[in-house]
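K.L.:
For reference, the chains in residue letters:
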Amino acid sequence: MMSTASWALMALFAPAAAALILAVVAPLRRRLIFSVGISLLGVITSLASAIMVVVGYAANLVPVELTVPWLTSAGRPFLDAGVHIDGISAPMLVVVAFVALCVQIFSIGYLDDEKAPSLGRYFAYQSLFLFSMQLLVLAPNLMQLFFGWEMVGATSYLLIGYWYAKPSAARAAVKAFWITKLADMGLLMGLILLVQNTGGFSWTAHLEPGIATAITLLLFVAVMGKSAQFPLHIWLPDAMEGPTPVSALLHAATMVAAGVFLVVRADPLFAQAPDTRMFMAYLGAGSALFAGLLALVQTDLKRVLAYSTCSQLGYMLAGIGAGSATAGFFHLTTHAFFKALLFLAAGAIIHAVGSNELSRMGGLAKKMPMTAFVFILGSLSLAGVPGLAGFFSKDLILETVVEQQLWLPAVALMLTAFLTALYMGRVILLAFFGPRVSEGHPHDPHFAMALPLLLLAIPSLAVGYFGHWIAGLSGNEYSFHITTTGIVASSLGLAGFGFSWVIWRKHPAEEPAPMRALAAFAKRAWVDNAYRFIYRRGLLLVASWAAWVDRYIVDALINACGALFIGGAGRARRIQTGNVRDYLFAVSLGALCLTAWGLWR
Amino acid sequence: MNDHLLSIVVAAPSLAAFLLFLIPNRLRLLVRLTTLAGAVVSLVAAIQIASLYERTAGTFQLAERYPFVPQLGIDLSFAVDGWGVALLLLTGLITVAGVLASWRLAHREKEFFIILLVLVSGVFGVFVAQDLFIFFLFYEIAVLPMYLLIGIWGSSHAVVEGGPLKYVWRYFDIGGREYAAMKLTLMLLAGSALILVGILAIYRAAGGTTFDLHALAAMHYDRSLQLWAFPLLWIGFGSLAGVFPFHTWSPDGHASAPTAVSMLHAGVLMKLGAFGVMRIGMMLLPEGARVWAPIMGCVAVINIVYGAFSATHQKDLKYIVAYSSVSHMGVVMLGAAALNVDAWNGAVFQMVAHGVMTGLLFALVGLVYERTHTRDLAKMGGLARVMPGVAAFFTIAGLSSLGLPGTAGFVAEFLVFIGAWKSANPWWAVAGVIGAFITAVYVLAAVRRIFWGPINDSHHLELLDANGTEWGALWMLGAAIIVVGFWPRLVTDFLDPTTTAHLHALLNAAGQP
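Residue numbers (my numbering), protein chains in the order written: chain A, 407 to 1007; chain B, 6 to 518.
FYI, nobody ran anything at the bench for these hints, they're computed from the structure.
C-beta: ideal position from N, C-alpha, C; glycine also.
There could be a bad hint or two in this list.
Unchecked claim - Looking from chain B toward chain A, a few residues come up when the C-beta cut is under 7 Å (computed):
hint, residue
1, Gly156
2, Phe177
3, Pro493
To be verified - Restraint-style ranges between C-beta atoms, simulated for each label pair:
hint, chain 1, residue 1, chain 2, residue 2, range
4, A, Val993, B, Ser12, 51 to 57 Å
5, A, Pro523, B, Asn30, 37 to 43 Å
6, A, Gly443, B, Trp492, 25 to 31 Å
7, A, Ser950, B, Val202, 37 to 43 Å
8, A, Leu1000, B, Leu194, 34 to 40 Å
9, A, Lys521, B, Ile300, 54 to 60 Å
10, B, Asn472, A, Pro469, 40 to 46 Å
11, B, Leu34, A, Asn935, 57 to 63 Å
Please build the complete structure, drawing on both the sequences and the hints.
P.N.:
What follows is the structure, given as structure tokens:
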């Protein structure tokens, strides 16, 4: 019988071993059967071990920690590495492994026209990602969390840039890494401050109020980057350049949720900084509304879902900012399932139609009934239709925000609930109903792609009913009540679907005037342009100055020294005329001077 | 055998060089194998030293001593501390990788390898020397051969400057290998002159009877002497470490140097400078070090940020890597200036980390240059398609360069920044973190422009990935980056006790501020 900690280590290192083998042993990587087999073996082992971890933990609800000293400095064990299992990491471990398994199975079907060596690379990245994510989830301290955090960022860069020959994908990958790296400077500074003030990287440390606010704000900057909150959200829509299964796993279900996970993890620190929490609540709600508006006018199916992810992450942060980490974490869990489902279903559609553009879809419900069914199910869950997973978690967040009397965020979140239903209704109507637009014969996916959809549909439907159990794992109480807030939110959601029916029922639909204005506004890409301006007119300009100064001032001084020396030597050389008369003259002059000097003394 | 390990490490490359004299030019394989044997023997001996070294003590061990010039108190005296062990391993690794990477050199390779091996002996000698005179002797042996190596085997004008200032370039022959070799040698020799003055001043103040480093370190020197001698040593050694504004030999020199020489120079020789500043400058003149540390730190911050910005603007691949070295050596100097154990551990760790990653980067750049015959970023693109292995290793080295966790670069930078925040000037850490971000900007941009996107040039479609021995070099260095990144105690276990002892001695002698 293995201990819980050993199972956790297994969940962590199985994908690491898969990644290592695929990276090092090239012949295995180049054969499809091996690369897929090894990678799947890693993720299945990870999932099975993760389930064992939850079972083991749920038996007695005592957190387990197993660490080794990872770095020593000044004779003290400066930093530990290991696994920490509690009510947050255990369920998260399962969620990550489960979604990763679904995504990897789906990828086999989705990327079937890729070459085998290229797919080997893909599965090596996938395994590396799973390892990094589990490293982050199991972290016993914030430093290991940061370690995994940066590594998932790097794998995200590699996976977005999987089709590296495509310039747009290459740019998107670099952009994603730059923006998140910029944000991560905050996390790094926060950790440096933390270790200076507490001597360690624990998230349970006790801090002075001012320091607590400073540290948590710095941490939150990184969260804004990773979880794509305004104004650091701009990388996420572009990240859709990656393969769709990657978008499902990294940019919807797990990696972007790592930001929320950090806040849940460091809740004891954030609890000491009410100002940061307030900021989080307002920013999260604002981002939710802003991204919801942008999702409404996208013409690309994946971008709708990307903005929707920004919006839902804002929801989670608003809930945590209002003081309920449980609510945020619960929504994280449900969102992981239904958003992965939506993305994979979108992948099935894109695979069948051959385009991301909504305008190339239409009437797909008849051709792809199974896909349409699970997509609509996911959408209903996302929009918070009563009884589905998203409803419970969203309701808990809204109740917390209303309870704390944060009226402005509450209104923003309510509006977002309406918008969510509106844009999902739009997508459903444009993609699945109306006349057929594209030629070809789209059809429901075959087994490898259908299985993950069905697997994910189950939790999207049902996980909401396990809220009390998930909350119970971390020792919190949760039970569902019907409240006014819940009724208002669900009515708004249903109203959103109703409105979408009114607007987009007819094909080709005439977009209403406010939508056109919004689309024109979104096209201007204000935030993107601001970054481009800072990059081109700030960073690159300073860089050109620095390079210029180095070549034409600093280095020129060195060259000037050399030139002076050579020039001086050239002058001095002229003394050596080679003319005996000149030398005799100099000797006589010297003798004369010496004599004069001797006499004068 | 074990009693003479340090002598073996130092002598093996020179012995191989001597053997090369006896081998005819036409036996090219034998020439290479002999060179490789010399490098491998040193590496194996270095590994043996590491296994024999008692880590927790942090003292100087495996000492050897032979009289050299007894009249002046000069002994050929060797010993290693934890820093020495780490740097010996680094040098051995880079040397073997450098020889493997220049396996296909076709121009007067025997002479090339002879000079290279002599240089390597010098480097090993510096890291184990316990006598100030011997230290300086080996230092010069390591620095001077560069002139020939770059002047004869270097490359010129890979990227030609346009615009009105091109006349300045033509006048000075900027970018030419003779210019680069001359500039590098003269600047470093000017530095050596300063060092020599400093060394003689110390020798005289200590009574003029011994050059033994331990005896010299035990003395107390006048405050005034310390105050004027320390900057001499700092600038003198610092010019080899690329300290601003004496770094300008580095971009031109590294760009013109052949692959193995760039690898060794940026990977190991620049560390001699930083090692000299810490081991000689700071530890012999502690009071001077303490007074000058704030200025050292500020200059180091300039190095980090200014070097990173300069790298961002370069069009020539080798210049990018060279400027990134200037920036990363700033991290070492910042750690040294912060004067606490975390920062010093980080500084020495960064020497190792930067040595490996920049060695790998220069090996890769050399590989790419050899195949594409260009170093101009604008003419590259899409190379990952034809050379996936090179692209993968370049990405690993690049990620280490921007301090990604899981690579050696992260541990080093993190320790230095923590130490810098703890020092009297916390803003140094902020500047360092900003420098790390700018590094991310230029590294990722470079990877994208070289390896990603479509292939621009139809000739590039036929290029080949790394081959045979080149794989050996890449795997050695790439694996070192990852292994140390995931298990840094392989290095820190050696560093920490030594650092603690050294810094304790320094702060005691300097008097607490």
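K.L.:
Does each hint fit the structure? Answer for all of them.
P.N.:
Okay, the hints, checked on the actual structure:
| no. | hint | result |
| --- | --- | --- |
| 1 | Gly156 | violated, 16 Å |
| 2 | Phe177 | holds, 5 Å |
| 3 | Pro493 | holds, 5 Å |
| 4 | A:Val993 - B:Ser12: 51 to 57 Å | holds, 55 Å |
| 5 | A:Pro523 - B:Asn30: 37 to 43 Å | holds, 42 Å |
| 6 | A:Gly443 - B:Trp492: 25 to 31 Å | holds, 28 Å |
| 7 | A:Ser950 - B:Val202: 37 to 43 Å | holds, 38 Å |
| 8 | A:Leu1000 - B:Leu194: 34 to 40 Å | holds, 36 Å |
| 9 | A:Lys521 - B:Ile300: 54 to 60 Å | holds, 57 Å |
| 10 | B:Asn472 - A:Pro469: 40 to 46 Å | violated, 52 Å |
| 11 | B:Leu34 - A:Asn935: 57 to 63 Å | holds, 60 Å |
Of the hints listed earlier, those the structure fails to meet are numbers 1 and 10, in rising order.
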